[in-house]
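Undergrad: Okay, here's what each chain looks like letter by letter:
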Amino acid sequence: MILTDKIKHQYDVWQGDEKSKRTALDGVSIDVAEGEFLAILGANGSGKSTLAKHLNVLLLPDEGVVLVDGKDTADEKHLWEIRTTVGMVFQNPDNQIIGTSVEEDVAFGPENRNMEPSAIKEKVADSLRAVGLLSKRKVSPYRLSGGQKQRVAVAGVLAADSKCIVLDEPTAMLDPVSRRELMDVIQKLHEDGRTIILITHHTDEAALADRLILMDHGHIAAQGTPAELFADPELLRRIRMDIPPVTELAMMLSDAGVTGDDGTVLTKGELIARIMEEGRNASSGTGHREGTAGKKDDDCTISVSPAVGPVLEVKDLHFTYSKGEINETPVLKGVSFSLHEGECIGLIGTSGAGKTTLAKNLNGLLKAGSGDVLYSGESIYRKGYKLSGLRKEVGLVFQNPETQLFCKTVLDDVMFGPRKMGMTDEEALASAKEALSVVDIGEEYHGISPMDLSGGQKRRVALAGVLAMKPSVLILDEPAAGLDPGMKTEIFNIIEKTRRENGTAVILVSHEMEDIVRYCDRVMLMADGTIKLEGTPEEVFTQVDAVREFGADVPAVTDLMYDLRKAGLPLERLAVTAADAADEITAAVRAGKGGGR
Amino acid sequence: MRDITIGQYYPADSMIHSLDPRSKLMAVLLYIVALFLVKNPLWYIVFLIITVAEFRLAKVPFRFFLKGLKPIIILLVFTFVFRTLATPGEVLAEFWIFEVTREGLIKGAQLASRIALMIVEASLLGYTTTPKEMSDGLAQAFRPMQKIGLPVDEMSVMVMIAFRFIPVMLEEANDLMDAQASRGVEFENCSVFTKMKNVFSLLMPLFIGSIERSSELAMAMEARGYSADRPRSRMEPLVYCRNDKAVYTFSALFLAAAIALRIAGLL
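Protein chains in written order, with the numbering used here: chain A, 1 to 597; chain B, 598 to 864.
To be clear, the hints were calculated from the coordinates, so they are not data collected in a lab. All the pointers check out, no bait thrown in.
Calculated pairs, BS3-like style, for lysine-lysine (alpha carbon to alpha carbon, straight line, at most 25 Å):
| hint | chain 1 | residue 1 | chain 2 | residue 2 |
| --- | --- | --- | --- | --- |
| 1 | B | Lys794 | A | Lys360 |
| 2 | A | Lys138 | B | Lys664 |
| 3 | B | Lys794 | A | Lys408 |
| 4 | B | Lys667 | A | Lys323 |
| 5 | B | Lys792 | A | Lys408 |
| 6 | A | Lys420 | B | Lys794 |
| 7 | A | Lys53 | A | Lys188 |
| 8 | A | Lys386 | B | Lys792 |
| 9 | B | Lys794 | A | Lys386 |
| 10 | B | Lys656 | A | Lys136 |
| 11 | A | Lys136 | A | Lys188 |
| 12 | B | Lys792 | A | Lys420 |
| 13 | B | Lys664 | A | Lys323 |
| 14 | B | Lys792 | A | Lys383 |
| 15 | A | Lys21 | A | Lys6 |
| 16 | A | Lys360 | A | Lys383 |
Simulated DEER-style distance windows between Cβ atoms:
| hint | chain 1 | residue 1 | chain 2 | residue 2 | range |
| --- | --- | --- | --- | --- | --- |
| 17 | A | His217 | B | Asn771 | 36 to 44 Å |
| 18 | A | Glu234 | B | Ala815 | 38 to 46 Å |
| 19 | A | Arg500 | B | Ile669 | 55 to 63 Å |
| 20 | B | Ile669 | A | Glu443 | 50 to 58 Å |
For each residue, glycine too, the CB sits at the ideal point set by N, CA and C.
Produce the entire structure from the sequences given, and follow the hints as far as they go.
TA: Below is the structure:
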């Protein structure tokens, strides 16, 4: 249905006043069959979005041909036909919704095609039903969650009668629950016979596709079924991608001899079936259970010294937006916790649970209605307390901080905070240079405009802007959102380094449970304005039912073990890391075999 | 900053909500013209009664009645005080260099209530008309202007997008302020001059943000088949119904009565 033949595409790139060409696509040929579910996986800047834009004539190739249903996209007379055939859903939900109500937005496509009012109404209702948002049709998009907005965008494409839907990183800005809902909708559409092209850097999403294309630096690195490609961890690592957690666990189990090693495992269901099969087969086990997987690696654990007293302490904090007005909304309803030097706390919960509001209370951007925040044992609400001093010590990095860069040069931007905090120019300069070297931005970038940097570099510069103030507490709101696995690791390495070298305490707000497990000593689950669960990642995430009840999610391996237990495997305890999970499952399967004899 | 009344639609199932936006626009226009014909402030009571009745008909809760006035309260007070003190005439009271005159009081009350009624009536239009209806209504009303080259359809899409993005942009501005405050910028406890300077530094990222946003939005619109050169249809084309005729008749009679009374010197 869609065919590209050796397409090339170049962009103009500006660095200062110098223009240069960057090749985004270099001879890419793909062939998409009708009704296929194709995933295109690749790191940021690998050319996957550029490829997507070629498929419905938002871009034309410099060289090569794109054919949709046999029609050349370069031929202007096919333009509208092709755009009807191939619909697109973009990454940022806010920048693709045009209507001021849900139904208006979905009607936009059919209206552009000059359809009859009654036909439009029918289309709108059908499409909204398909994505499960019919009841919200009169609501303003502003009132919807990110996941709902993306479903509206999908409905908009459906209403335009598109046979093929191209989704360009549609889940990059969503929490786990919304992400799953959207993926369910996508799979349903595929089952209904629509052609799906999903662009992503989440390997677990790509695993659901019929076929997979791996992109790297404008080339196709490999293509095949997910099972074929995920069998080769080296290949994935080379294009800076992760292995899906379930596949990783399956590999560990087959290495340990618990399951056979015939073919790559992609889904939870498959792995569960395989393990249960082994559990039932009372065949000869290989017997030894040496710790192949080992314990949780202790590299990241940084000594926490509770003897000194907490650096930040929150006592029964209440906060309400628009207090005393009609639209009064209580957001924090009694939050208490303490944070020690060098500690990393993960803060999880659905969008709207109050995580960002809590963060803003901690550096005095918002003032709580009641309760107290103590920094180094001193109340920040005390009369005469200097909030500017507090903001230097409690550094806050907002979501997508790269959009907040505003100075002329990179160095100026990083020096901005330290200067405002009362450092002299020399001190600020020294501090800024140090911060830039921590985030690995070389001297050659110091003098250029932040606008000329790549996405990942911008994010690191924004982080440096806060690090340069040398905060003793660092609050990060989704620091890795929208980044590919490689860049994500870079960001977390910077945070780890700061923690280790300066004893900075960290609060990490994240939707990625695997990251929380990996980097946090403690987890707090927020829901409905209070902290519902608290403890080590293991203590919290193994309470699967409770975590779900409060709208959050558990790591993929924990989820799998939970289902295994339900399927009848006598697991002693649930684990949160792939290594621990492999150990537990191995033990349970072998014990089962022993008992069977 | 988050509470702006523009485009604050109040959903309800009422006769006023279901009116054609063009009728509502026309009615509000005639109401305002009539307001300006009135000289004796006592007549404003009639206008007030009509407006209250409209709110009841529209099923909009009464607390919204005054909500629209909140942002302009200073303007109203200032208008009243200034007019009261600055109009020469029969002196009622005196203090320092000021004189309160009978004429002044009347003038002040007249001006302030005129503005207040105008705002309340216009806000009712906002409560009962979705931005989409409003832009469609305006587009239809200006349709004849298309002959002289006014791009009416494009303008109506522009208005719709503006309504859609007002809250988004406000939120973005708030986020930027928070981010800069976290890096040591003061927005509250500082002089007006510094405050202005600090607000100015928000403009740059806000500007860049909206450029990026608009190019992404333009792309999304194009991908969905939008083109200024192609005819578009409407999911809900505007059609007049019986109530609309009644509204036109009533507004016309109302204005005619106001003109007649004005000529007779009774207003």
